[in-house]
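Produce the entire structure from the sequences given, and follow the hints as far as they go.
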Amino acid sequence: MTIPLSRTQLALFFILLCPVNIIGLWWAVGSPLVMDPNSICRKTKRLAGKQAELCQTQPEIVNEVAKGAKLGVRECQYQFRFRRWNCTSQNKYFGKILQQDIRETAFVYAITAAGVTHAVTQACSMGELLQCGCEATRSRGPPPRLASMGPTEGVKWEWGGCGDDVEFGYEKSKQFMDARRRKGKSDIRTLIDLHNNEAGRLAVKNYMRTECKCHGLSGSCTLRTCWKKMPHFREVGDRLLERFNGASKVMGGNDGKTLIPVGQNIKPPDKQDLIYSAESPDFCLPNRKTGSLGTRGRTCNSTALDVSGCDLLCCERGHRDETVVLEENCLCRFHWCCVVQCKKCLVRKELSLCQ
Amino acid sequence: MKSLASLSLWRIIILILPLVSLGQTFEYGWPDNYDKPPQCVDIPVDLRLCQGVGYHQMLLPNLLEHESMAEVKQQAGSWVPLLHKNCDPGTQLLLCSLFAPVCMERPIYPCRRLCENVRDGCSPIMAAFGFPWPHILTCDKFPQDDMCINTPNDTSTSEPNGHPPVCPPCDNEMKMDVILDHMCASEFAIKTKIQEVKRENMDRKVTLQKKKRTIKMGTLKKKDLKKLTLYLKNGADCPCTQLDNTRNTYLIMGRKVDKQYLLTGIHKWDKSNREFKKTMKKLKSHKCPAYENVFK
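Residue numbers (the numbering used here), protein chains in the order written: chain C, 1 to 355; chain Z, 1 to 296.
Some clues are possibly wrong.
Said to hold, decoys possible - Derived pair list, reagent style DSSO-like, types lysine-lysine, alpha-carbon separation capped at 30 Å:
id : chain 1 : residue 1 : chain 2 : residue 2
1  : C       : K289      : C       : K67
2  : C       : K344      : Z       : K141
3  : Z       : K85       : Z       : K141
4  : C       : K229      : Z       : K141
5  : Z       : K175      : C       : K228
6  : Z       : K85       : Z       : K223
7  : Z       : K175      : Z       : K141
8  : Z       : K222      : Z       : K211
9  : Z       : K141      : C       : K343
10 : Z       : K281      : Z       : K212
11 : Z       : K141      : Z       : K193
12 : Z       : K85       : Z       : K287
In short, the hints are calculated from the structure, not lab data.
Shown next, in the form of structure tokens:
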């Protein structure tokens, strides 16, 4: 008589044997469960005290935190898509990046904190969270004069609409991402992480813009309502990439509680700058310890001279050219009402791949 | 040695990485990569601008960035009177392709030619009401390829009209829906008689009698009401039978543009007309879509 394996043992067996991408598929199948707040809270048993508290008292906010982290990682992949390190989503290699204090670590911390700020604030405006809503703007002064709005004489305006309550998203990002801060302990790495989290949040909070809508008769601007809006997240990503390129190297001060810039006559980083303490590897070859996947097989641009060019991206190992033939929709036409009909075209694409 | 902060962040990211990796192809079909994607909703019965347009579902938010149905209705309301003018066969199609866009995987904009035809046919009438062709309908931004909305049968059959065109504010059907739409699209409405009509440059200046009753106050103030003078914009030479008859009482609608009050509609106050009586009764309970409801 064979003793049947329990479900837990079977799942464990499955996880241990399957490669990462199949685990990814397995997760995808269960994606509704993954996005369930209780499921997330259960799966992150060893959260720090404040995070555990948030999971118990405000699980729907934790749901938005997860969405924000996802938003951050996707933006990271977009911003680094042409670089040697391209914010790979492979678990173990990505985890190695987070365990270092290189520039790339700084970017991931910042973009994730920004993503959480953005997602939670967005959920407020969408009415998806009971704890928050639209930001009240009644007490503010008139919106700044917008040149594109034409002459303001005779234009009635008022604060209204659904202003983004970025303060709420900012605070929740702080509570969740900086949970370690509450304990009072500090080591250099924690100080760096907290700084970069804050830089990410400020990349959202300090760049609120005024959005206005004209709703007079026939779309005229005789009546206008304005409200505060977060920057688009692509804009946040662009800004943080700039900070990444200009990041400051720091080291611990003698008191063990402060960070000082490395190098003579260097301006100390301000709150919005990214900081790091260790030099990045070159990311040319696979290296489990550093989280480098290497650039072999990456698509590169044989005519570009920047980081996406073949010489730089392939670490001067050379590249090979390949021609692929793809079938694409072409000559699309909209027919009334309402279908889009396209023809199929064969398109030759020249690819350059790193050796 | 490992920072606990990094460990907890890693755990959060580990949870969502598989989802991110599977969606690695970047789909940025919509302007903002995080805002809610548009939803497919039925065109409501009371979105009068788009009844009978040829499809029954629309995208919300629409292509004019109206985010709620209340906002769509409020903004579409002032365009309904233009439909009644029949200035171009493609008017409704152009407006509804933006206010109530068809539900497709990606947005389908009106064709530039459709926009230009409607603009050329309708902007003179809009000018009579004091409206320039609005920025939201600038034709240059619409596509010229085949992936756009055009009039189904694109044959420009222009019927030469023997009569000179009636002044747009005077060219009104005695019909409840038309009058109510005009009422909502106007800022004020009064019951009064005409005292004098005079040409003034390209316009006609209409002086009203002292005795007036306010039907819809709107932006009008009491002191302005006393000495109210209305202008028929670009109406120096077009026919308007209502202005020729100073003995009748009229329902007069208007709006303020800069410092002038423009006539936007004039109907004979005809108590013997059943449709008119029905309209006046309905007027007491009729509510125009108001912008206050949209944003608060």
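Results of checking the hints against the structure:
1. C/K289 x C/K67: holds, 29 Å
2. C/K344 x Z/K141: holds, 28 Å
3. Z/K85 x Z/K141: holds, 25 Å
4. C/K229 x Z/K141: Holds, because 25 Å separates the two Cα atoms, which is no more than 30 Å.
5. Z/K175 x C/K228: Outside the cut-off at roughly 43 Å; violated.
6. Z/K85 x Z/K223: Roughly 33 Å between the alpha carbons, so the hint for Z/K85 and Z/K223 is violated.
7. Z/K175 x Z/K141: Violated: Z/K175 and Z/K141 sit about 37 Å apart, past 30 Å.
8. Z/K222 x Z/K211: Roughly 13 Å separates the two Cα atoms, so the pair holds.
9. Z/K141 x C/K343: holds, 26 Å
10. Z/K281 x Z/K212: Holds, at roughly 19 Å.
11. Z/K141 x Z/K193: Given that 30 Å is the threshold and the Cα spacing comes to 46 Å, the pair is violated.
12. Z/K85 x Z/K287: holds, 23 Å
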